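Using the sequences and the accompanying hints, generate a full structural model.
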Amino acid sequence: MLKSQHHRTRIIWVALILLAVVLIAFALGLSIGPAQSGLRSAFSALFSGTESDSVLHSIVWRIRFPRVLLAMFVGATLSLGGLVFQALLRNPLAEPFILGVSGGSAIGAIIGILLGLSRFPGICFTSFLGSLGTLALILLMSTGSSILRKDSLLLSGVMVNAFCSAIIMFLVSITQDARLHNIIFWLMGDLSATDLPQVVILGAILIPCFIFVFVLSHAMNLMLMGKDMALTMGINIKAVTIALLMVTSFMVSATVSFSGLVGFVGLVIPHLLRLVLGPDHRSLVPACIFGGAAYLVLCDLLARTLPQQGEMPAGVITALIGAPLFIILLKKSRK
Amino acid sequence: MTKILATLISAITILLASDLPLTAKTAEDQLGREIRVPDDPRRVIALAPSITEIIFALGQQERLIGVTQYSNYPAEAATRPKVGSYVRLDLERIVALDPDLCLAIKDGNPKETIDRLQSLDIPVFAVNPHNLESMLQTIQKVGDILNASQKATTLVADMRSRIQRVETLVSKTAHRPRVFIQIGISPIVSAGSNTFIDELINRAGGINVAAGPSAYPHFSREQVLALTPDVLIITSMARSGGYEKAKADWSRLADMPAVRQKRIHTVDSDLFDRPSPRLLEALEILTRLLHPELFKEGL
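Protein sequence lines correspond, in order, to chains A and B. Following the numbering used here, the numbering of the first sequence begins with 1 at its first residue and continues without gaps. Following the numbering used here, the numbering of the second sequence begins with 1 at its first residue and continues without gaps.
Since the hints were made in silico from the structure, they are not lab data. Check the hints yourself; a few may be wrong.
Computed footprint of chain A on chain B; a stretch qualifies when at least three of its residues, placed anywhere within it, have a C-beta under 8 Å from a C-beta of chain A [as the list claims (entries may be wrong)]:
#	region
1	85-91
2	94-104
3	113-120
Counterexamples of contact, computed for chain A against chain B with all Cβ distances above 12 Å [what the hints assert, rightly or not]:
#	residue
4	11
5	33
6	60
7	117
8	158
9	161
10	168
11	215
12	304
13	326
Every value quoted in this text rests on a predicted model; they were computed, and no experiment measured them. Heads up, the beta-carbon is just placed ideally off N, CA and C, and yes, glycines get one too.
Here it is, written out as structure tokens:
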């Protein structure tokens with residue numbers, strides 16, 4: 001009784017602190033951009049009506065706002081996806097991008113683009129099929145003996161990823177028109193092409209998934225303690241595992257169809273937060289949602305402001321940060 | 001008294017018009033859309049280098065407040081603020097310049113960006129030049145909405161007479177050399193049927209050996225050799241300079257007629273791949289390269 005009280009306060013505190021971080025990232029994301037405006041004028045544009053400086057107002061609200069919102073949703077999803085995969089596969093290095101689930105979604109999405117489908121529901125659906133396909137492939141390859149073996153899971157992921165890249169390159173090289181340029185940029189993780197209605201659709205898809213994962217966070221805790229423990233607590237391990245994997249793949253493929261391949265977010269954020277908060281998923285789930293949201297907003301801010309001319313895809317920044325961390329973690333886990 | 005009143009009213013009208021687009025006209029763009037454009041656009045952004053060139057050729061550059069990354073002609077164009085490249089437009093920079101009109105090109109500008117600009121209440125007039133004839137219409141259209149119709153008519157008439165001159169010249173000979181124009185070096189890319197380059201080759205009195213349904217087909221070195229081109233033209237992506245090496249690579253393949261006859265040339269790609277008035281320069285250069293014999297006595 002006392003313990004659960006303690007947990008609840010802890011969750012609330014963690015959520016509040018991270019919410020503050022998200023708000024700061026949100027404010028920065030809205031106020032910084034190539035059209036130099038300065039913090040103060042951006043803020044006044046934020047809270048003023050349309051009649052003030054209409055140019056700045058539409059830049060802040062109609063260009064930066066949807067983009068920041070998209071970065072938040074994508075960051076939250078990928079970070080949560082990483083957390084779920086790490087818990088279910090009991091592998092600290094599991095992550096949607098590393099496992100090839102993102103790659104599978106990308107194949108599905110590119111096929112959708114080439115077929116000329118609309119982003120929603122068309123491309124979202126082909127992307128989801130792609131992610132399910134790769135997930136099944138990875139599980140099939142790595143289960144056989146035991147899902148616990150870290151190396152076999154990672155190796156399967158690497159191979160599935162390599163295969164996905166080959167298919168993506170194949171699709172890209174048979175496409176000889178103007179869409180090519182967009183596909184390539186999108187593949188590297190691009191958050192620029194969104195307007196508000198589309199982000200709202202994405203949010204409506206993702207938020208129920210977030211809640212679903214949060215509801216199952218206690219079950220994840222118990223499953224991590226071992227099969228017997230989970231069974232005695234009345235958890236249907238198979239059902240929970242399948243439900244979580246499906247929902248996670250669904251979330252990830254939805255974000256991939258919007259923003260391409262943004263890698264390593266699901267590695268960096270859960271690890272960072274586990275160091276601070278410990279292994280309890282009831283606080284880790286909300287923490288990963290907020291932490292991932294803030295992280296990707298800041299990465300995208302760098303991607304928008306670092307280049308002198310134009311912008312770079314946000315996926316470049318997340319990979320530059322995430323890949324070295326992955327190597328460090330891999331080395332640590334070998335010891 | 002009436003005169004003073006009239007002056008006053010017109011002064012007020014001008015004052016109002018300078019701030020609010022009270023006076024707008026409807027024009028049909030080359031995608032067949034009815035677009036509300038200001039009567040006298042003062043803040044125009046050209047969303048492709050070719051459109052920038054057209055605006056300068058029409059002498060309307062004082063209206064131009066923004067261009068895209070590779071807008072390098074004429075030199076003055078490069079001094080205008082940049083709004084990203086024409087395939088990756090920077091929405092925020094465009095909006096920040098507060099344009100009253102954007103001129104877009106169908107083949108290149110992403111449709112999503114154009115749609116979003118319109119949702120931000122920025123009028124976007126799209127042009128769609130896909131061959132020489134429609135390019136002339138593009139120039140006339142752009143002239144019309146920038147209140148330079150007369151200038152456009154003169155320019156178009158001049159371009160027509162240059163096309164006519166080439167046609168007359170080429171009709172003097174029945175010889176039609178086989179031409180391969182290389183627009184991409186690695187991989188080797190050429191231009192198929194229904195492209196500007198295909199049309200230029202035909203008008204200049206040549207046969208496009210890359211003609212085919214694919215607009216920008218890829219080739220292997222072997223395939224190019226099998227096409228036995230008499231003339232091989234490499235469009236220089238001036239930025240990289242790799243075309244000199246490409247030229248040297250081809251020169252080793254002595255079996256190709258173009259190599260034997262020493263007819264490998266490099267040309268400025270900006271002339272050949274931009275649907276702007278300078279395409280006529282490209283046509284004249286190409287005619288000279290394909291039919292040097294016609295120019296012996298001078299044009």
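Results of checking the hints against the structure:
1. Counting residues of the region 85-91 of chain B whose beta carbon lies closer than 8 Å to any beta carbon of chain A gives 5, which meets the minimum of three for the stated coverage.
2. Check result for the region 94-104 of chain B against chain A: holds, 3 residues qualifying (beta carbon to beta carbon below 8 Å, three or more required).
3. Chain A is given as covering the region 113-120 of chain B, and this holds because 4 residues of the stretch bring a CB closer than 8 Å to a CB of that chain, at least three being needed.
4. No beta-carbon of chain B comes within 12 Å of the beta-carbon of residue 11(A); the shortest separation is about 38 Å.
5. Under the 12 Å C-beta cut-off, the non-interface status given to residue 33(A) relative to chain B is violated; the minimum distance is some 5 Å.
6. The Cβ of residue 60(A) does not lie farther than 12 Å from every Cβ of chain B; its closest approach is about 10 Å, which violates its non-interface assignment.
7. Against chain B, the non-interface label of residue 117(A) holds: every CB pair exceeds 12 Å, the least being about 14 Å.
8. At roughly 28 Å from the closest C-beta of chain B, the C-beta of residue 158(A) stays outside 12 Å, upholding its exclusion from the interface.
9. Residue placement check: residue 161(A) keeps its beta carbon more than 12 Å from all beta carbons of chain B (closest about 25 Å).
10. Look at residue 168(A): its CB is around 17 Å from the nearest CB on chain B, clear of 12 Å, so calling it non-interface holds up.
11. Against chain B, the non-interface label of residue 215(A) holds: every CB pair exceeds 12 Å, the least being about 36 Å.
12. Not every beta carbon of chain B lies more than 12 Å from that of residue 304(A), the smallest distance being close to 9 Å; the non-interface claim is violated.
13. With a cut of 12 Å on Cβ distances, residue 326(A) stays outside the contact zone with chain B, its closest approach being about 29 Å.
Checked against the numbered hints listed earlier, the structure breaks hints 5, 6 and 12; every other hint is satisfied.
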